[in-house]
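Protein sequence lines, in the order shown, are assigned to chains A and B. Read in order, the letters of the first sequence are residues 2 to 289 in the working numbering. Read in order, the letters of the second sequence are residues 3 to 304 in the working numbering.
By construction, these hints were calculated from the structure, which means they are not laboratory data. C-beta: ideal position from N, C-alpha, C; glycine also. Take these hints with a grain of salt, some might be off.
[Claimed, not checked] So, partial list: chain A residues that the calculated Cβ filter (under 10 Å) puts toward chain B:
#1 Thr58
#2 Val63
#3 Leu66
#4 Leu110
#5 Val142
#6 Gly148
#7 Leu162
#8 Gly191
#9 Val194
#10 Val203
#11 Ile205
#12 Pro208
Here's the letter readout for the chains.
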Amino acid sequence: MPADWSLRALRGHALLALGYLAFAFFVLFPIVWIFLMSLKSFGDIIAYPPRFLFTPTLENYVEVLFGGEAERAAGEIPDLLRFLMNSVIISGGAVLVSIVLAVPAAYALARRRTGGARNIQFTFLSFRFAPELSIILPLYVIYTRTGLYDTYAGMILVHQLITLPLSVLILASFFRDIPQEIEEAARVDGANVLRILVSIVVPIARPGIASAMIIAFIFSWNNLIFGLVLAGGATRPVTMGILQSMTFDQIKWGLMAASAMVSALPGMVAAILFQRQITRGLTLGAVK
Amino acid sequence: MPPRRQDASENGLARGTFLLLLAPALILLFLSLYPFLSGLYTSLTDQKLYAAGGTRFVGFGNFVRLAGTPLFWTALGNTLTYTALVVAIQLPLGLAFALLLDIPGRLQSFFRSVLVLPLLIPPVVAGLMWKTMMQPQQGVLNYLLSLLGIDPQPWLANPATAMISVVLIDTWLFTPLAAIILLAGLQSISVELTEAARVDGASPWQIVRRIKLPLLGPYVLLVALFRVSDALKSLEIIYATTRGGPLNATRTLHVMAYEEAYRWSNLGRAMAIVFVLWALCYAISGTLLALWQRQEARRYAR
């Protein structure tokens, strides 16, 4: 009996180890592979069978970040850097606008227990259901007429469709966790809602606010379709820039890999540094 | 604590304050109603995207025409196939990941950090990454298969395998979301419950099947809600890899609408497609949301 038992336990352990291995391989292999590719020279990339061992080079990163020799000689800013800058301005701006509007809105939703409040919350959630084109195709017509097409202001405005519902839902979930006794005490002392919000709720909910801002920034950063429809040469974000450069130069895999790594950097850094807050934010606060 | 003010104690914030705090966000969001409604009108016209000149009101002409277009039915089928495959693959796989990560161990926090990585990569970039890996001749995926003795696959290049290839990329990106939600569900189950079953001699597998899975109901619904609502309107991965091809094998309604507008300049017809998709999204996602709400309400009532 004991021998049989230990054999079964051993088999269980082996199965489990295999499970973990498969899991890690599935999730990590594409990222590791593209990272390796970004460090390869052209010859190493097109070699078959694929090379796992090679002399790493930074030439792909140098080219996408500082430009090719011709661009450097002409003193031009390389495309990817401009796209990155556009993305920082658009997503950063969108998050700042959203958080200012979302803090009071989320607080209101978290502190009123009526059916109406719940319905409004579900309205915010249902913005996720709509196909983006139902709003942004007509918006294209409106933007070209009003001069908002291909402007930072226009892009920041349309990105509110992503960042605002996201921020409100995440923040409301965090605000609900704050015990109301402190606020009650302040209210008895005569503080009004705005004061309570600014001097009590916001300081306590700082991790929640950070979580909302990080998630909203990443989702805005990762978005392609808004840029595809509403951005031209002046505000083209990084996701669209990468796609466009790939379409014209199918074979430049090394540059694609390096650009991919650079554009995925905000997300990956956030994933490692703020794992807990992100987990909660990704599910819009529905799961803690 | 005795109630101080009737309104404040029963409903929380007073109604005026509530609306005042909420107003700026709601107003900004409902600005989007204007383009939405103007788009609805556009779907009833023959408006072109680029051509100047007047547009004609055509009533439901665009919708009638769509019904007679075989490609529309292909795209509708593709949209539903994509969504069904996404749920059928990602729910069980996500559950497997969640069960794996629920087992206490030394590497768990590392695995959990790893888990969220794909979710934070732009879908377009993920599409491009996989497109390189799925190259039929030089791609690393076929090389890895060859090590296992499996024949090379055409992946995205062949109409027969393109759909499942795109779904595979979606699976890599979004199964972690399913796993995160289900893992949270597993961890909300009280330890006493599983411990009691273990003492009574239940095997780990029995505990999973008889105790844990039945309690995961609301979480499974939440996964379905998130994944279905996204899959119905999927566009970015497809746009980065196949653009709807080969031979329309991956042309979903959302992709078709985009092409109709930007390739053929038929804005009116594009909007008609978009609103069919919109109705589909709200019908399906709305049903799932209602189901989830009911489960949640029941849980709070308990």
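Going down the list of hints, with the structure as the test:
no.: 1; hint: Thr58; verdict: violated (18 Å)
no.: 2; hint: Val63; verdict: violated (20 Å)
no.: 3; hint: Leu66; verdict: violated (16 Å)
no.: 4; hint: Leu110; verdict: holds (7 Å)
no.: 5; hint: Val142; verdict: holds (7 Å)
no.: 6; hint: Gly148; verdict: violated (16 Å)
no.: 7; hint: Leu162; verdict: holds (6 Å)
no.: 8; hint: Gly191; verdict: violated (13 Å)
no.: 9; hint: Val194; verdict: holds (5 Å)
no.: 10; hint: Val203; verdict: violated (13 Å)
no.: 11; hint: Ile205; verdict: violated (17 Å)
no.: 12; hint: Pro208; verdict: violated (17 Å)
When held up to the earlier numbered hints, the structure conflicts with 1, 2, 3, 6, 8, 10, 11, 12 and fits the remainder.
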